[in-house]
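Trainee: Sequences and hints are given; from them, build the entire structure.
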Amino acid sequence: MRQRPVLDVSGLPEYGYGARSPVWWGTVGFCVLEGMGFLIVIGGYLYLAFLNQQWPLSAPPGSLLWSSILTVLAVVSVWPNWLAKQNGEHENLLKVRRDLVVMSLIGLVLIVLRIFELGALHVRWDQNAYGSMVWMLLGLHTAHIVTDVIDTIVLTVLMFTRHGHGKRFSDVSDNAFYWNFVVLSWLPIYVLLYWAPRL
Amino acid sequence: MSDVLATHEPVAPIGRKSEAYAPVNPRELRDNQIDGPELTTRLAKTWGTAPGLLGALSTVDHKIIGRRYITTAFMFLFLGGLSAVFMRLQLARPENGLMGPDLYNQLFTMHGTTMMFLFGVPIGEALAVYLVPLMVGTRNIAFPRLNAFSYYVYLFGGLMIWIAFMLNIGADTGWFSYVPLSGPEYSPGKRVDFWAQMITFTELSGLAVAVEIVVTVLKQRAPGMTLDRIPLFVWAVFVNSFVIIFALPAVMIASTMLILDRLVGTHFFNPAEGGDALLYQHMFWFFGHPEVYIIFLPATGFVSAIVTTFARRQAFGYLPLVLSLIATGFLSFGLWVHHMFTVGLPQLGASFFTASSMLIAIPNGIQIFCWIATLWDGRPVVKTPLLFVLGFFFIFVAGGLSGIMLASVPIDTQVHDTYFVVAHFHYVLIGGNVFPLLGAIYYWFPKFTGRMMSERLGKWNFWLAFIGFNMAFFPMHITGLMGMPRRVYTYQAEMGWGTLNLVSTVGALILFTSFVLFLINVITSLRHGMMAGPNPWESGTLEWAAASPPHPQNFDRIPVVTNREPLWAERSAIPVATGLSVDNRELIVSTVTEARADLREASPEPSLWPFIAAVATAVAFIGSIFTPWAVLWGGSAVGIALIGWFWPKGAKEDES
Numbered sequence: 001m002r003q004r005p006v007l008d009v010s011g012l013p014e015y016g017y018g019a020r021s022p023v024w025w026g027t028v029g030f031c032v033l034e035g036m037g038f039l040i041v042i043g044g045y046l047y048l049a050f051l052n053q054q055w056p057l058s059a060p061p062g063s064l065l066w067s068s069i070l071t072v073l074a075v076v077s078v079w080p081n082w083l084a085k086q087n088g089e090h091e092n093l094l095k096v097r098r099d100l101v102v103m104s105l106i107g108l109v110l111i112v113l114r115i116f117e118l119g120a121l122h123v124r125w126d127q128n129a130y131g132s133m134v135w136m137l138l139g140l141h142t143a144h145i146v147t148d149v150i151d152t153i154v155l156t157v158l159m160f161t162r163h164g165h166g167k168r169f170s171d172v173s174d175n176a177f178y179w180n181f182v183v184l185s186w187l188p189i190y191v192l193l194y195w196a197p198r199l
Numbered sequence: 001m002s003d004v005l006a007t008h009e010p011v012a013p014i015g016r017k018s019e020a021y022a023p024v025n026p027r028e029l030r031d032n033q034i035d036g037p038e039l040t041t042r043l044a045k046t047w048g049t050a051p052g053l054l055g056a057l058s059t060v061d062h063k064i065i066g067r068r069y070i071t072t073a074f075m076f077l078f079l080g081g082l083s084a085v086f087m088r089l090q091l092a093r094p095e096n097g098l099m100g101p102d103l104y105n106q107l108f109t110m111h112g113t114t115m116m117f118l119f120g121v122p123i124g125e126a127l128a129v130y131l132v133p134l135m136v137g138t139r140n141i142a143f144p145r146l147n148a149f150s151y152y153v154y155l156f157g158g159l160m161i162w163i164a165f166m167l168n169i170g171a172d173t174g175w176f177s178y179v180p181l182s183g184p185e186y187s188p189g190k191r192v193d194f195w196a197q198m199i200t201f202t203e204l205s206g207l208a209v210a211v212e213i214v215v216t217v218l219k220q221r222a223p224g225m226t227l228d229r230i231p232l233f234v235w236a237v238f239v240n241s242f243v244i245i246f247a248l249p250a251v252m253i254a255s256t257m258l259i260l261d262r263l264v265g266t267h268f269f270n271p272a273e274g275g276d277a278l279l280y281q282h283m284f285w286f287f288g289h290p291e292v293y294i295i296f297l298p299a300t301g302f303v304s305a306i307v308t309t310f311a312r313r314q315a316f317g318y319l320p321l322v323l324s325l326i327a328t329g330f331l332s333f334g335l336w337v338h339h340m341f342t343v344g345l346p347q348l349g350a351s352f353f354t355a356s357s358m359l360i361a362i363p364n365g366i367q368i369f370c371w372i373a374t375l376w377d378g379r380p381v382v383k384t385p386l387l388f389v390l391g392f393f394f395i396f397v398a399g400g401l402s403g404i405m406l407a408s409v410p411i412d413t414q415v416h417d418t419y420f421v422v423a424h425f426h427y428v429l430i431g432g433n434v435f436p437l438l439g440a441i442y443y444w445f446p447k448f449t450g451r452m453m454s455e456r457l458g459k460w461n462f463w464l465a466f467i468g469f470n471m472a473f474f475p476m477h478i479t480g481l482m483g484m485p486r487r488v489y490t491y492q493a494e495m496g497w498g499t500l501n502l503v504s505t506v507g508a509l510i511l512f513t514s515f516v517l518f519l520i521n522v523i524t525s526l527r528h529g530m531m532a533g534p535n536p537w538e539s540g541t542l543e544w545a546a547a548s549p550p551h552p553q554n555f556d557r558i559p560v561v562t563n564r565e566p567l568w569a570e571r572s573a574i575p576v577a578t579g580l581s582v583d584n585r586e587l588i589v590s591t592v593t594e595a596r597a598d599l600r601e602a603s604p605e606p607s608l609w610p611f612i613a614a615v616a617t618a619v620a621f622i623g624s625i626f627t628p629w630a631v632l633w634g635g636s637a638v639g640i641a642l643i644g645w646f647w648p649k650g651a652k653e654d655e656s
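As they're listed, the protein sequences go chains R and S.
Residues 1 to 199 (full-length UniProt numbering) make up the first sequence, in order.
Residues 1 to 656 (full-length UniProt numbering) make up the second sequence, in order.
To be clear, the hints were calculated from the coordinates, so they are not data collected in a lab.
Any given hint could be a false lead.
[To be verified] Beta-carbon label-pair distances, calculated as ranges:
id : chain 1 : residue 1 : chain 2 : residue 2 : range
1  : S       : Gln414    : R       : Asn180    : 49 to 59 Å
2  : R       : Gly18     : S       : Thr226    : 14 to 24 Å
3  : R       : Asn180    : S       : Trp376    : 44 to 54 Å
4  : S       : Asn563    : R       : Gly18     : 28 to 38 Å
5  : R       : His165    : S       : Met358    : 31 to 41 Å
6  : R       : Asn180    : S       : Gly483    : 51 to 61 Å
7  : S       : Ala493    : R       : Leu39     : 35 to 45 Å
8  : S       : Thr226    : R       : Leu184    : 29 to 39 Å
9  : S       : Ile411    : R       : Met1      : 48 to 58 Å
10 : S       : Thr41     : R       : His165    : 24 to 34 Å
11 : R       : Ser63     : S       : Tyr178    : 33 to 43 Å
12 : S       : Val619    : R       : Lys95     : 37 to 47 Å
13 : R       : Gly18     : S       : Arg527    : 30 to 40 Å
All residues carry an ideal CB built from backbone N, CA and C; glycine is no exception.
Mentor: This is the structure we're talking about:
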């Protein structure tokens, strides 16, 4: 078939940020489907909570100490995360490196806090259905923290190598976006597991 | 013109220079510098797949992956069909001794599981993987490495459950594996574990492909392909992908909880410790009903494409067709409880779900009327693809009618778990998916292979399928009303079900023969079929502007879209965009609604890592059936593979 050129795209940029980038949309897609997973488990938790006369079943809710420290740190981490995103979009390599190192460290601390949090639960997963649900929710969320922390560490190392330029800044921005999801998805779980039973 | 077709938004905030504008290397060849066969050959080299086994396992070409996906899904269709044939032979006469209950249980479980999870969901995505990039006018699917990974994960999951079946550890608790039957107490051994992990494999793969398709449709459409110029097939699989994204997590969670109950002693579904068996049913059907539409929606896309082409006019009612797709997608989430009418629900709940079950007939009815109107006003050419679509109208509408009956609680209670239900859902599933699918294969086969399928065999194929199908499944309405329950391996002669069952078995054998003809047609046409040329049916959508089979780059220059049926609107010369690299994999990223060219982005090179990651995933999933620690060490292996996958290799694509 004959062709008739009507548009020259050679001057277009090679990558973009946020909603201009396909990776951003892919990240949104995964946030939505993972968010759906959280919703289903939360729905199951509430279903059993309404079905049983007593809830939590024969165990007090988990300790507020470690879970609350974790929650505060997670919320605070949104600020350096925002800086990483901003500095990424300004393609400021030095600041991006600093922010990513900070975010990696925060992530590692959060994993340690999560381990303490799990240790301060008063129920095991095989004790009763309440324990199963609590461990399922925490396990699912822990998987998200661990995934993003590994991702952040790899990206941090990458930004210290010769690859740290160009489209990688866009990756920094998308990685920061995903971290917001990890933090946001935690808040309802925190309220549900630690405050709802105490009301 | 170019302002309508391209954005000129800066990447960096004002006053800063982004590397995204790095000047292009003057030695890099661009597609406005050469033309004709030289351009084709050079692009094919840039976008091609290396020869040899390593090349085959590293490929990220959506057409190669798509072809494998389609072939694999058909292989599972045949396996699922064969298991049905064996069941029909067993049921052909009362107290038949061909097999015992244990094998029969495995057969109906493998049949349902295979058809729903290994064929029904993947086949729509498989065709989408092949066709969507071509239809929206781009060079590869979004996230092509994820696409390769998804295929291998799907393949490994399907092989796993079938190999387990061959080793007599086949799942045997039905395709939905209800607790408590499938729980640790009533199903010891590994059979149900394999079933539950098969779900994890296939849903992981299905979800990943859904995200790829959503992003391809939103961000990689050819310049000018505004929302109202998207082909109806693409709309159908786009809406379908959203249904997948919202539905599949539920079954993944349900099967994970099931396997945890079985392997590490959790109590999600154990009423003795505060769990609940109905919770499983709710989660399963929250997925399971949308699943029916996940199977049906892509088929509406096949029908729209075939009807438009063979009616020789644009689809009547494009907007109502698109809105019906979206409405069906939404409503499909409000129906799940109608699978649970007999478990004892509050009456208000039952009424709500009856109403919504009847409501969904409306958008489906609108679609049917739009297609009929398109044919009515067109000049229909009755070739095999259209014949299958006409068969679909008949069978699907019949299935819809028994569906309306089942939506009513008293009737449903009466015929629950009988062959009436079996008849109903085979009418909607085979009518709603398999008939349009066979039409779609006849329709797109020339694009996939460059050759036409035989029309003569095609007509035989259709009539045998149509007659065999109705002969197999229509009598089941009556056997069901006479009280024959599903999932029994035999029945006594006094029940009086013998004759009807024999008719069903003969019908099933005729249906089976039609598939043998189909297979013969595919194999002989691959070698001896008439050469097709790029556009044998004179269709209007972009995939027909590419060569048959398409070159690795799909299009030498990215088309610019001016109409819903671009090839009908631009008959003399197709408008194109120029300026992409010839030496490197580059494609146009466009804006979401208006599809204005926005970025000139790199597309990933072939890589072996997705295959390695899929192998690691398979080891982790299968290992976890035997020890929970497999999640840890298997997960670490997957993590390492993913780092290898994403680490830049110094190629321009990875660097930019």
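Trainee: For every hint, state whether the structure bears it out.
Mentor: Taking the hints in turn, this is what the structure says about them:
1. For the hinted restraint 49 to 59 Å between glutamine 414 of chain S and asparagine 180 of chain R, the CB-CB distance of approximately 52 Å keeps it satisfied.
2. Roughly 22 Å separates the CB atoms of glycine 18 of chain R and threonine 226 of chain S, a value that falls within the hinted 14 to 24 Å.
3. Our hint of 44 to 54 Å for asparagine 180 of chain R and tryptophan 376 of chain S holds, since their Cβ atoms are close to 52 Å apart.
4. Against the hinted window of 28 to 38 Å, the Cβ-Cβ separation of asparagine 563 of chain S and glycine 18 of chain R comes to about 31 Å, which satisfies the hint.
5. Against the hinted window of 31 to 41 Å, the Cβ-Cβ separation of histidine 165 of chain R and methionine 358 of chain S comes to about 59 Å, which falls outside the hint.
6. The hint said 51 to 61 Å for the Cβ distance between asparagine 180 of chain R and glycine 483 of chain S, and at roughly 57 Å that hint holds.
7. For alanine 493 of chain S and leucine 39 of chain R, the hinted distance range of 35 to 45 Å is not satisfied, since their beta carbons lie about 52 Å from each other.
8. For threonine 226 of chain S and leucine 184 of chain R, the Cβ-Cβ distance of about 33 Å falls inside the hinted range of 29 to 39 Å, so the restraint holds.
9. Remark: the range hint 48 to 58 Å for isoleucine 411 of chain S to methionine 1 of chain R is upheld by a beta-carbon distance near 55 Å.
10. For threonine 41 of chain S and histidine 165 of chain R, the hinted distance range of 24 to 34 Å is satisfied, since their beta carbons lie about 33 Å from each other.
11. Take serine 63 of chain R and tyrosine 178 of chain S: their Cβ atoms lie about 37 Å apart, and the range 33 to 43 Å holds.
12. At about 41 Å, the beta-carbon gap between valine 619 of chain S and lysine 95 of chain R stays in the expected band of 37 to 47 Å.
13. Checking the proposed 30 to 40 Å range against glycine 18 of chain R and arginine 527 of chain S shows it is violated: the Cβ atoms sit about 51 Å from each other.
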